[in-house]
Amino acid sequence: MAAKKPRVIVVGGGLGGLWATIRAAEAGLQVDLFSLFQVKRSHSACAQGGINACLDTKGQRDSIRQHIIDTIKGAAYLVNQPPVKSLCEEAPGLIRTFDRMGVTFSRTPEGVMDLRLFGGVKNKRTCFAGATTGQQLLYAVDEQVRAHEDAGSVKKYEWWEFLSLVRDGAGRCRGIVAIDLKTMETRAFAADAVILATGGLGLVFGLSTNSTNSTGAAASRCWQQGARFANGEFMQFHPTAMPGDDKHRLMSEASRGEGGRIWVPRDPKDKREPAQIPEAERWYFLEEWYPAYGNTVPRDVASRAIWKVCRDLKQGLNGQDLVYLDLSHLDAKWLRTRLGGILEIYEKFSGEDPTRQPMKIFPAVHYSMGGLWVDWEKDEKTGAMKQPSPRNHQTNVPGLFACGECDYQYHGANRLGANSLLSASFSGRVAGESAAAYVKGLGKTLAAVDAGQPAFADEKRRQDSLNNELLSNRGDENPFLLHKELGELMRTKCSIVRDNKGLDQALSALGELKSRSRRMKLDDTRSWANAPLIYARQVQDMVVLAEVIAKGARMRDECRGSHWKPEFELPIPEGKFPGDPEFEEYRAKWKRENDKWLKNTLADWTPDGPAISYEPVDTSVLPVEEPRDYR
Amino acid sequence: MSDVIRLKVKRQDRPDAEPYWEEFALPWKPRHNVVSLLMALRENPVNAKGERVAPVVFEANCMEEVCGSCTMIINGKVKQACSTLIEGLQQPITLEPMTKFPVVRDLLVDRQRMFDALRKVRAWVPIDGAWDIHVHAPRISPREWELNYDFSRCMTCGCCMEACPQYHPGSQFIGPSPLGQAWLFNNHPTGKFSAEDRLHALMGPGGITDCGNAQNCVRACPKEIKLTDAIAKLGRQTTSQMLKDIFSR
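Here the protein sequences come in this chain order: A and B. 260 is the number that our numbering gives to position 260 of the first sequence; each next residue is one higher, with no gaps. When you read off a place in the second sequence, starting at 1, and then add 631, the result is the number in our numbering.
If you're looking for bench data, these hints aren't it; they were derived computationally from the structure. The reader is advised that the hints may include incorrect statements.
Here are some chain A residues pointing at chain B (derived, C-beta under 10 Å) [unchecked claim]:
1. Q135
2. V145
3. L313
4. G475
5. F577
6. G579
All C-beta atoms, glycine included, are put in the ideal place defined by N, C-alpha and C.
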């Protein structure tokens with residue numbers, strides 16, 4: 001009987017949410033899948049370069065151990081290592097599953113999956129489908145979910161926006177309140193467990209590489225209802241994006257993995273066309289500064305280097321915040337097969353052909369390593385994550401799970417390229433299985449108790465009153481302009497390089513923005529497909545989330561991965577390497593610094609703003625001995 | 632270059648309301664695309680008569696022509712709005728919602744019918760389950776890969792459906808995009824195990840024989856997917872399936 005089947009709600013239909021949906025359905029749960037739009041439109045489609053898995057098919061003796069090491073070091077060690085171990089160990093199996101789903105992975109002449117090089121690693125470990133890998137992976141799980149829909153185990157609620165959790169008297173998550181984006185009807189939905197898979201929060205920074213719906217509003221709403229947020233200050237800037245006034249368009253790291261080079265003219269006053277500038281008069285600064293990794297250093301390193309060249313050394317193209325990303329030395333036909341997707345984007349938006357002249361790029365906000373705190377259970381025998389376990393990917397709110405970019409689990413202070421499609425898929429899979437284990441542990445289905453209970457009605461009423469407050473138009477603030485201000489503030493004060501003075505200013509400005517966001521005026525007060533109302537609510541929640549990011553950044557007085565405060569920098573002595581006394585002295589200092597700061601930031605909601613605390617990370621897989629060094 | 636952008640939008644307040652045209656003039660900015668223009672408009676939604684009106688409702692997400700959201704009719708042609716740059720468009724720029732799908736509001740339409748069609752043609756590879764079985768899918772030659780990859784980039788944006796004369800609210804025709812997907816899965820080494828199911832779904836009313844061979848679809852596709860090739864091949868597949876069905880009866 002369908003009515004007796006336990007129910008799980010999945011919020012978000014990107015790679016994570018769809019994997020969670022599939023695994024929950026396979027475990028015998030009835031799934032209600034909520035999405036702001038048809039799930040096929042999700043932001044996972046924008047991921048380009050690939051997905052990491054150690055297949056070791058390139059004669060490089062690649063190993064899973066090396067994938068684990070690269071990921072942990074890439075993360076500047078700020079990551080619980082057992083979950084990373086599971087992530088990397090299970091990556092090849094996930095890839096095989098995707099392959100069976102029909103993903104059009106690019107092929108070698110023998111017809112097996114090809115691999116390419118990515119950043120922060122030395123071995124080819126990235127599976128790819130041209131330069132539209134995210135789109136291909138998303139479509140594969142979209143298709144599988146459609147098969148489950150056809151079988152009746154999944155019901156989609158597309159064009160519904162998640163507004164809040166419903167928590168019962170014991171604090172357990174029992175469902176959600178959502179709003180139909182066409183009819184504007186709010187409704188409470190009951191479930192035995194809820195899985196949040198709502199993606200990133202790039203829109204908090206206004207302009208980013210993210211899709212316009214990656215606002216972080218859903219995670220912010222859960223946070224305001226008691227779910228803990230972790231490591232908010234760690235925001236990845238992707239080194240190579242094409243700046244725009246509406247969006248910074250990503251130019252995949254694969255372009256460098258496939259041989260693309262970053263450079264500026266040695267003479268900043270050199271006005272010649274790039275092709276006219278001879279090799280000797282070009283400055284390939286990444287190759288010079290980081291000979292061991294060259295153009296494929298990790299993203300935090302590359303972004304800071306570009307920042308330094310443009311801002312500190314004033315060597316940007318024509319004095320602007322731009323450097324060249326050059327593919328023009330590579331064969332055009334081969335480039336089309338390997339990177340067609342991004343070449344098309346660059347061409348369409350700039351009118352220039354990147355196979356003939358270098359692209360002009362600058363770092364842009366790209367990925368939030370931080371997110372909702374999630375639990376995990378350790379398997380003492382293997383040292384990895386124990387599976388299945390209802391603890392895995394469960395937030396501190398019982399019954400609420402999180403996966404994909406909206407959780408904080410796998411990337412620490414800096415994510416490696418092509419690890420996000422992996423973590424989104426893996427964590428979605430795990431969250432679906434964990435939610436099933438959790439529901440089984442309940443021993444009965446709570447969702448059978450109807451949604452007419454007071455907790456549901458109360459929460460719906462609270463959401464209606466928030467909407468009505470906005471629709472009553474008592475204020476004068478324009479939600480779209482307020483969002484612009486928020487973005488501008490975050491991009492300048494919470495950027496690649498940060499300082500405490502700026503962060504203090506950001507926090508006080510955010511306080512003001514928060515109160516102004518309560519006094520908005522909408523140009524649309526109709527009760528049908530009212531986009532400004534939805535936007536206004538998102539802006540309110542984005543401002544609140546921005547405080548978590550800024551406060552975490554203000555309090556972390558160190559440099560780690562994407563979070564960089566030069567005042568507290570501990571530089572590697574120039575020209576010195578392990579064994580040199582100067583380097584060993586540096587290593588000792590670095591360890592002392594880790595004693596102080598190798599801790600996850602935890603943010604809890606309070607009426608006075610985020611309360612910050614810290615928790616240690618599990619380093620049982622790779623001892624924290626080797627500083628990150630990509631020279 | 633003129634310093635204003637003149638815009639004419641075909642608006643509709645509700646699915647059952649009468650559409651109306653509204654004109655706007657916005658300040659010119661370099662590198663504007665149609666979506667960024669609509670974003671600028673919603674910040675200050677004042678029409679050409681100087682009246683403050685409700686912002687134009689539209690759908691957009693990725694802003695780089697990969698999600699398929701922002702399809703609309705721009706100066707009479709169906710396109711992705713995010714990758715349509717304002718420079719080079721004749722003014723006033725006219726924006727209309729697609730005509731083949733029900734309008735929700737303004738430029739926002741409901742393309743559910745396309746997704747239902749994907750279900751009808753069983754556009755997926757049946758698998759035993761989403762777990763590791765410790766083997767890969769069979770090998771695929773680089774040449775077959777290229778053919779398949781062309782179709783696997785279909786965003787379900789609806790441009791081909793809008794352009795197709797046979798596809799409209801009054802017809803049952805399934806339309807070019809789902810046909811392309813049916814072909815894609817029939818061409819996959821294990822997807823073809825259920826090719827018969829897909830072909831049967833395409834026989835009869837609304838199926839492949841309703842294609843009028845106007846070839847508009849392939850011209851309208853923003854990804855230049857070779858839809859007509861797929862339709863031709865599917866046509867042959869369904870014919871031989873039909874014969875097979877007759878003789879195996």
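Tested hints:
A least Cβ separation of about 6 Å between Q135/A and chain B falls short of the 10 Å threshold, and the interface hint therefore holds. Given hint, V145/A at the interface with chain B, holds; its Cβ is 9 Å from that chain's nearest Cβ, closer than 10 Å. Interface hint status for L313/A: violated, as the beta-carbon distance to the closest one in chain B is roughly 27 Å, over 10 Å. With a cut of 10 Å, the hint placing G475/A at the interface with chain B is violated, because the nearest CB-to-CB distance is about 16 Å.
The beta carbon of F577/A is not positioned within 10 Å of any beta carbon in chain B (closest approach about 41 Å), and the interface hint is therefore violated. Taking 10 Å as the C-beta contact cut-off toward chain B, the hint placing G579/A at the interface is violated, the least distance being around 42 Å.
In this structure, the hints that do not hold are numbers 3, 4, 5, 6, in rising order.
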